[in-house]
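Working from the sequences, and respecting the hints, build out all of it.
The listed protein sequences derive, respectively, from chains A and B.
So the first sequence is numbered by the UniProt record's numbering: it starts at 1 and just counts up by one.
So the second sequence is numbered by the UniProt record's numbering: it starts at 1 and just counts up by one.
Derived from the structure by calculation, the hints contain no laboratory data.
Hints may be right or wrong, so weigh each one.
Claimed, not checked - FRET-style restraints, in silico, Cβ to Cβ:
(1) A:I165 - B:G21: 36 to 42 Å
(2) A:Q70 - B:G21: 21 to 27 Å
(3) B:H96 - A:P18: 24 to 30 Å
(4) B:V68 - A:D74: 23 to 29 Å
(5) A:A93 - B:P124: 34 to 40 Å
(6) B:H96 - A:H153: 49 to 55 Å
(7) A:V182 - B:P196: 18 to 24 Å
(8) B:R77 - A:G21: 54 to 60 Å
(9) A:G21 - B:R76: 27 to 33 Å
(10) B:V68 - A:V68: 52 to 58 Å
(11) B:H96 - A:G115: 43 to 49 Å
(12) A:G21 - B:V68: 28 to 34 Å
(13) B:K23 - A:Q70: 47 to 53 Å
(14) B:G53 - A:V68: 38 to 44 Å
For every residue, glycine included, the Cβ atom is placed at its ideal position computed from N, Cα and C.
Protein chains: 2
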Amino acid sequence: MSFSPLIRHLIDSLRILPGVGQKTAQRMALQMLERDRSGALRLAQALTQAMNGVGHCKQCRSLSEDDVCQLCLDPRRDDSVLCVVEGPMDVYAVEHTGFRGRYFVLKGHLSPLDGLGPEAIGIPELLTRIAAGSFSEVILATNPTVEGEATAHYIAQLLAGKGLIASRIAHGMPLGGELELVDGGTLAHSIAGRRPILL
Amino acid sequence: MSFSPLIRHLIDSLRILPGVGQKTAQRMALQMLERDRSGALRLAQALTQAMNGVGHCKQCRSLSEDDVCQLCLDPRRDDSVLCVVEGPMDVYAVEHTGFRGRYFVLKGHLSPLDGLGPEAIGIPELLTRIAAGSFSEVILATNPTVEGEATAHYIAQLLAGKGLIASRIAHGMPLGGELELVDGGTLAHSIAGRRPILL
Ligand SMILES: [Zn+2]
Ligand SMILES: [Zn+2]
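In structure tokens form, the structure reads like this:
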């Protein structure tokens with residue numbers, strides 16, 4: 001038995017959601033049809049409104065339905081530190097750490113093989129933002145991947161001699177991690193970055 | 001930092017999906033906004049079309065956008081066996097086993113504490129369907145839960161003396177299961193339902 005066309009189309013469409021495979025999509029579709037049609041219609045409306053209404057903040061390039069986002073407009077934040085991340089999701093992650101400076105969101109990382117150079121990921125806009133600001137430090141919080149490291153290095157080089165500190169987030173053991181389970185590169189970084197214990 | 005209103009509303013709306021908590025909903029919302037807005041808009045449309053267009057088959061009560069579903073209309077199926085299940089999802093599960101008879105979909109199971117009696121779950125319609133058909137066997141494939149068992153028993157009693165066999169799906173060890181991991185009730189059913197090995 002195959003699903004009827006409308007149900008099949010719904011199942012296929014649900015598979016664009018991250019982490020949703022065929023089985024999960026089926027369960028989602030049938031459960032909504034059986035148990036929560038009004039919730040599903042509200043979801044359809046929320047999707048339409050968000051996809052059409054949410055753009056990018058002119059200043060930090062994070063997701064925002066206003067020209068300039070609430071975070072950029074907030075006068076209580078520290079204007080001396082800029083945190084550069086690869087994507088809007090990273091803003092929420094860094095924000096969660098208690099960081100209260102400003103942000104700039106790249107469009108991912110440099111990826112020459114995919115034809116993604118500095119322009120493609122928004123580095124000219126980053127430089128404009130830095131020039132217009134009064135930052136004393138730029139924290140390069142791109143991902144600790146080969147591409148993220150290369151992107152951080154590239155930006156640090158562009159910032160050299162501009163009278164501000166370009167810093168990189170530390171690598172090391174994740175909290176709660178076990179030495180025997182962590183990869184060798186991480187452990188090496190963790191040892192190289194060791195600090196004296198202050199008693 | 002809080003999400004902007006449209007994003008927050010989207011995250012809340014995504015949580016109606018089964019198995020989707022706050023963190024997953026956030027990841028879904030941000031990923032769609034960043035990477036697949038056209039897919040998200042197609043999903044919105046598919047949701048609207050399915051919720052408004054899919055009803056229940058008049059004959060088997062499973063999900064269908066036609067008055068009578070493809071499965072009920074299919075002349076090649078076995079008209080002598082009716083399989084009674086608790087919900088539309090179960091139809092797909094049973095169908096997957098190779099069963100090619102007819103179906104009837106209840107609205108769940110009897111649940112007196114929730115005020116769900118025979119009428120609420122569609123038992124009068126089941127009896128009408130059976131009276132109109134030419135079934136020699138009715139397989140009661142409600143779930144092997146207390147409520148599913150009670151529902152199967154209740155229906156079996158209603159069918160007594162009507163000249164057809166009311167059968168119940170077998171309980172036992174799931175394939176690939178381990179005796180020491182399965183619950184005692186299942187194992188007891190499995191032993192009670194043992195069969196001679198045919199060599
Ligand atoms: Zn902003
Ligand atoms: Zn049908």
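TODO: Given the range 43 to 49 Å, decide if the beta-carbon distance of B:H96 to A:G115 lies inside it.
DONE: Given range 43 to 49 Å: holds, Cβ gap about 44 Å.
- [ ] Indicate whether the distance between the beta carbons of B:R77 and A:G21 respects the range 54 to 60 Å.
- [x] Distance hint for B:R77, A:G21 is violated at roughly 29 Å.
Open item on the list: Quick check: does the Cβ-Cβ distance between B:V68 and A:D74 fall within 23 to 29 Å?
Closed with: With Cβ atoms ~59 Å apart, the hint is violated.
Open item on the list: Does the beta carbon distance between A:G21 and B:R76 stay inside 27 to 33 Å, or does it fall outside?
Closed with: Because 31 Å falls inside the window, the suggested range holds.
Task: Outcome of range test on Cβ distance (B:G53, A:V68; 38 to 44 Å) - done: Holds: the Cβ-Cβ distance is about 41 Å, inside 38 to 44 Å.
TODO: Using the Cβ atoms, figure out if A:I165 sits within 36 to 42 Å of B:G21.
DONE: holds (39 Å)
Open item on the list: Quick check on a hinted range of 47 to 53 Å for B:K23 and A:Q70, using CB atoms only.
Closed with: violated (22 Å)
Open item on the list: A range of 52 to 58 Å was offered for this pair. Does it hold for the Cβ distance of B:V68 and A:V68?
Closed with: holds (56 Å)
Open item on the list: Assuming the hint says 34 to 40 Å, is it satisfied by the Cβ distance from A:A93 to B:P124 or not?
Closed with: violated (55 Å)
Task: B:H96 paired with A:H153, Cβ distance criterion 49 to 55 Å - done: holds (53 Å)
Open item on the list: Taking 21 to 27 Å as the stated bounds, is the beta-carbon spacing between A:Q70 and B:G21 within them?
Closed with: Taking Cβ atoms as reference, A:Q70 and B:G21 lie about 25 Å apart, which means the hint holds.
Task: B:V68 and A:G21 - C-beta distance against the hinted 28 to 34 Å - done: holds (31 Å)
In this structure, the hints that do not hold are numbers 4, 5, 7, 8, 13, in rising order.
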